[in-house]
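The chain contents come next:
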Amino acid sequence: MKILTSRMDAHPSDSHTISRYLATGGYRSLKKALSMEPADIIAEVKASNLRGRGGAGFPCGVKWGFLADVHPRYLVVNGDESEPGTFKDRQLLERDPHQLLEGVIISSHALGVNHAFIYIRGEYPKPARRVQQALADAYASGYVGRNILGSGFDLDITVHLGAGAYICGEETALLNSLEGRRGEPRLKPPFPAVEGLYGKPTIVNNVETLSNMPWIVENGGAAYAAIGPEGSSGTRLFSLSGHVRRPGNHEIVMGMTFGELIEDLGGGIRDGRAIKAFIPGGASAPWFTADHLDVPVTIDDVAKAGSMLGSGAIVVMDETTDVVKAALSVVSFFAHESCGQCTPCREGTTWLENMLRRLTVGQGRAVDLDLLLDVSDNISPGLAWPPRQTTICPLGPSAVSPVLSILTHFRDEVEALVTTGVSS
Amino acid sequence: MITWSKDRAEAAQRILGSYPERRSAVMPLLYVAMAEYGYVSEQAMRDVAELTGLTPVQVSSVASFYTMYKREEVGRYLVSVCTSVSCHLLGGDDVLHAVEAETGVPHGETGPDGTFSVEHVECIGACGGAPAVQVNYELIEGVTPEKAVELCQWLNATEPDPLLGDEMQALFGGQRSFDWGPSESTGSKGPVPAFGPYSTAGTDRLAGP
Amino acid sequence: MSERVTITVDGIPLEVDAGELLIKAAEDNGTYIPRFCWHPRMKPVGMCRMCLVEVEGPRGILLTTSCNMPVSDGMVVHTESETVKKAQEGILEFLLINHPLDCPVCDRGGECPLQDQTLSHGPGESRFVEEKRHFEKPIPISDLVLLDRERCILCARCTRFSDEVSGDPLIEFQSRGNNTQVLTFPDEPFASYFSGNTVQICPVGALTSKPYRFRARPWDLEKTESTCPHCSVGCSIEVHTSQNEVIRYQGVDNDDVNWGWLCDKGRYSFESVNSAERLDTPLIRNASGQLEPASWPDAMEAAATGLASIVEAHGGNSVAGIGGARGSNESAYAFGKFMRTIIGTNHLDAQLGDGLDPHFLVGSTPRGVINDLDTAKTIVLWGPDLKEELPVLYLRVRHAAQQGAKLIVIHPRRTGLDDRATFKVVYKPGEGPALLNKLVEGDPGLAEVRAAINEGPVVGLVGRTGLTEDPRLAEAVAAFLRELPKATLMPLARRSNVYGALDMGVSPRLLPGRVSSASESGKAALREHWGSLPDDFGRDTIGIIDGLADGHLKGLVMMGSDPVRDVPSGNRAAEALSRAEFVVAIDTFLNDSAAAADVVFPALGFTEQEGTVTNLEGRVQKVTQAAPGPGQARPDWSILEDLAHRMGGSIGATSVNVLFKEIVTVAPAYRGLTWVDLEFGEGRDGLVMPLEEGDQPIQYVAVDPGLAPTKAPLALHSARTLYDDGVHTRFGPSLERLVGAPMAYLHPDDAARLGIPDGGEVDVETVQGSARVQVGFDPSLAPGTVFVPFNQGIGQNLGSAVEVKLEVVS
Ligand SMILES: Cc1cc2nc3c(=O)[nH]c(=O)nc-3n(C[C@H](O)[C@H](O)[C@H](O)COP(=O)(O)O)c2cc1C
Ligand code: SF4
Ligand code: FES
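Protein sequence lines, in the order shown, are assigned to chains Z, X and G. Take any residue in the first sequence, note its place counting from 1, add 12, and you have its number in this note's numbering. Take any residue in the second sequence, note its place counting from 1, add 16, and you have its number in this note's numbering. Take any residue in the third sequence, note its place counting from 1, add 212, and you have its number in this note's numbering.
Since the hints were derived computationally from the structure, they do not count as laboratory data. Possibly wrong hints are sitting among the right ones.
Unchecked claim - With beta-carbon atoms standing in for the labels, derived distance ranges:
(1) Gln614/G <-> Gly279/Z: 34 to 42 Å
(2) Asp328/G <-> Ala302/Z: 46 to 54 Å
(3) Asp961/G <-> Ser47/Z: 50 to 58 Å
(4) Leu313/G <-> Thr131/X: 39 to 47 Å
(5) Glu427/Z <-> Leu313/G: 28 to 36 Å
(6) Pro995/G <-> Gly162/Z: 47 to 55 Å
(7) Asp386/Z <-> Glu323/G: 39 to 47 Å
(8) Lys255/G <-> Asp283/Z: 37 to 45 Å
(9) Glu294/G <-> Met268/Z: 42 to 50 Å
(10) Gly279/Z <-> Glu200/X: 25 to 33 Å
(11) Thr372/Z <-> His346/G: 48 to 56 Å
To be verified - Straight-line distance between alpha carbons at most 20 Å, and here's what the computed SDA-like set of lysine to any residue pairs gives:
(12) Lys298/G <-> Val74/Z
(13) Lys255/G <-> Glu425/Z
(14) Lys255/G <-> Leu199/Z
(15) Lys212/Z <-> Glu272/Z
(16) Lys636/G <-> Thr174/X
(17) Lys297/G <-> Gly394/Z
(18) Lys200/Z <-> Asn280/G
(19) Lys255/G <-> Gly211/Z
(20) Lys344/G <-> Leu199/Z
(21) Lys255/G <-> Glu191/Z
(22) Lys298/G <-> Asp334/Z
(23) Lys255/G <-> Lys337/Z
(24) Lys200/Z <-> Arg271/G
(25) Lys163/X <-> Glu88/X
(26) Lys337/Z <-> Thr99/X
(27) Lys14/Z <-> Arg38/X
(28) Lys255/G <-> Glu207/Z
Unchecked claim - Just a few of them, taken from the derived set where beta-carbon distance is under 10 Å, the chain Z residues facing chain G:
(29) Phe70
(30) Gly157
(31) Arg158
(32) Leu161
(33) Lys337
(34) Gly352
(35) Thr361
(36) Met367
(37) Val379
(38) Leu383
(39) Val387
(40) Arg400
Positions of the beta carbon are idealized from the N, C-alpha and C atoms, including for glycine.
Bound-form chain Z, shown alone (with noise of 0.2 Å):
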């Protein structure tokens, strides 16, 4: 069963402009929208228990319920996908940028929304211009603008492109990038609901949740929530990627095991090697090994079994994989990527980079062992899961989950390299 990318696998041409969109139903459930309460519509998507697809997999409709009110408000879609091992949202934007576009403004009307914007990563300059080519036509067409389909609902829609920086994908630095500033994570509370863009009640949802909008509205929070099991409704788009032979995004229902997903969706290991780790839900994930074949893909399990969903990008690495320089490159990606304004993320994170880096180079010390895992703690106290941060953001206790990680099921490799000081 595919909700969000049926259609471009059926128009592989041509999905990303509106003449096909509107040939396959396109709008409708904006116009069955706007005939609705807004009230109504929150109603399904609460029904639909739909869970945001940005990382954390907060209820939607919960979320939607703490907006304050209080007017202006703002709608703000999280198109910053940069989490190492993710590259979902880009194919949404690129291949069906008006399933998008109708679900911001489906969800404006329904959250009392007159402004929207969409951040996408500076990167994703061709994404960039189909969303940008999307909404002029949308706004041509009068689905977006002044008195969409003589509704008497007024909506502008910004497009905002960000400039290279992981942590705007954290949704209040994307505010703060959005204001023109640093890209900062503000502390919390205040939460962006109550006050977020330009100190207004916001709503920031990522591009995936956003794009199953229209299919909820159509069919009923209802018919959405009864597919796949309980507590990981619809269907998802994974990112797979790494040592296997057929990487590339899997729209599935929730439920089937890791090893299944590997196996029948991503053909198993290249080269018919055996598997060593992967990452279940994007960098920041600790890592899992064979023993978590069985764990079944859903928010749940996965939590349960010690890691996250995240943002639904499998990494895996095979049986030659070098687990420290594997973990160095993820660390080094959260150094580079910490925005610098807390002390523990900003000094811990190049700290735990550059034992890793001397470890890799043969210049380990048997006390670097224990190094590692003291400062992950003061990072990330007591390395439990799901960690506790002396941080403001989860970004600096995601550095630590390859550290603990390799520290855990791959010690002895660790040790190695400080006792022979080469790369195993």
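With the hints as your guide, set chains X and G with the ligands onto chain Z.
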């Protein structure tokens, strides 16, 4: 005093009008300024400050936070090689080394003749087509070290302008994250991303009350 | 009163204000939670993460920063649990891994929160073997401040202060992550009037100030609380001395006044206290017309004889006195008493022609205090550019506006507050009355402004926007504002202790204690104390200058005043001085006016004397002696007492204490004030002395004097800037360099019409004088306006005439 071309000066005014608060226009205006000057020069930041009512240091504070606002001159072709985890696993580092060796430009630098700038970048959302490379932010997926070398030679020899992602993908790419669909004739003109027309609002933004 | 709630901190139940930040509630009740980024006068940012504590909640124990956590009833907090300690040690270690170990050569060593907390909360030894971050060692970021980025712990106190508090975002974070650093923009230095505050609140030695650098070690300093004497805001300060020399001033957090902030002029003016140019011996004009050092007895003799002979020949009212606004209340009181009882004149004035009706200044009702700003719905500022003239009041208004008060600024030019103003109205000098009429009558063009003004409580900040403005306009404005809902008024004058001097009766129209000199009962009461009191009419400073110039007046006593520099028509003052038969000056510097005197007495200055001062709210605060003063300099009141003695009388000025006691007996508005209260009691933040009915002090009810607008084709706006040619900037090496070059500013359209290029030279001419200057463009002016900063070498020659002519030179 701002001396931008007429088109860009008009775009700037449109951009300023697209947000409830002027300050929000800083990022799009930095892109316009970058297109005007080729990079985010000191003058570019002063211009943006003037337009938004900020001080120049407030603008540079924002500009220096984001890696795509280059504050030094960049070569005609900015080659960005992804080395984040998925690309790392499939040889992104080798691709980077191949590009460095072929162009003679170490990452983070610009060659003396101004043709190439080379950088390694964090995940560019092409993990399904790892290793991935961007030239002037136009994407090529599934690049091998050998193909990367050919890509650099081709850029040097043919000096394509505009630079088309689909063309480069066809010539030097491999495995893709997903089916790209039809090919496009829009591409980048210079080392700035080609989302156009540096406007961030719907082109037919509502006028009047 | 806010609601009280009970929280438990480390097992101890505390009753605190609901909604207060946990870090503050704990500290006020004896539990100090370490912190670096949090500052009680700025919004919390929770960046350093040092203030982590554990809070018990419904979903278990939460590790959280206490600097941004409001308390709520029943909250249970642990500040010393194992987890908290471990986390704090971890943060400290993170802060130290890139921090240089240069405490022995750091200005902050010995008073450094990072150093202190490392000793009390830090890990033992370093586990960090990687290379530290390197930056170029201290780089100057302004004429006053240096930045060492290696020492910086990125708490953002300086950047937040500059952006949020002072409104000069000139230093900001640059880059991100581990490369984050604080920096200015190339060629745009940190030229803020408030930069010294960032040095004071920097929790490490990253920001240091040139005037203080390497001058002393904190443990050598002696600290004395006092009040800044540089403008009428009266900021609380601590004077730091080392070996009897003043080394620096630090702001003290006075809840009612300055919240710990100072302006750089106040802060760095200590350099002038130590200037080698200070007068340290009396001077007498010799036979060849030169001033030469003399002994105290000789100088006294010469001054007494000179004054006495004029009094004898022409009567006491042929002598006048100018001054009193730069010293303490006690000095001013002594000055007034000396002039009125020993000389026998009513010609005396503490204002120098740039002020307002003295009754209006000290007796306006209903009179507001600075803290009213924080509860105001609407603030109307029709007066000076506060950033230039009353800098810390500017900060307080700025804060109030940021907190949501509507701010309406009415001024002929851009002001520092424009970016926070809900409405800004610009007008051409001379056309203020017409504008006011429109506002009063509800002109449709000003409807929005009028609507905004109508919401109370309203605080009216009223003064002259510049020196060419008719002072009665302020009274008319006040007459309008006081009728608004719950309005209070703050009439604004800038010079240091001018309110104190007026309260002490240094004005032809006032007697000590805010009593009108026209009040028969007031005079009678004062005569009881003083024995005598002249009955004639008295002249103000401008009248005195005219009198000296036309020969009606013969003698002059100046105390801490420099009319040649400070009167709007300085050249006329110079001429008056040269015509006077006999002039005595009591001062700390041989300023341009004192240089024309026949006898000059060296006086002790600020930091060298005890006393009280009174600020623009009518708040009485203490100034304290912290250093001995140069050479033979003496307190001005004691010089006056000596002089009185030589002239056969006494003003009873045997000590500051005696003077203070006399003031609180004689001056109705000061009755009941005690020294002990000011030093220890609740008066440590100063006491606002209210008007009391029984004593019949003036209660000035502003009335619209009904001014007609002055129409001039080209109108002059002349106003003071913070750094001018006054002695405290001129004799302080650091501030001296900050004084701007003399310029005249024009609206670009006018310049185009008159064919004057940017940077061209013009002769500016009024009926009172002329000056040749360069022209700059200023689009914030109303067309038809010429702006000339006063006292940067030229403004004072142009006088207070509105109409002005321009002659293009090149
Ligand atoms: C460090 C960090 C990076 C994030 N990056 C993204 C991102 O790239 N895209 C995204 O949609 N959400 C991202 N998020 C999650 C957002 O903060 C937010 O939860 C999400 O946009 C909400 O949308 P949803 O409820 O529809 O998932 C990130 C969160 C963190 C802490
Ligand atoms: S955890 Fe890192 S990224 Fe998040 S606020 Fe702190 S410094 Fe910034
Ligand atoms: S004092 Fe709370 S985080 Fe810095």
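* Asked: Among the hints numbered above, which are violated by the structure, and what are their numbers in rising order?
  -> 1, 7, 8, 11, 12, 13, 15, 16, 20, 22, 23, 25, 27, 29, 30, 31, 32, 33
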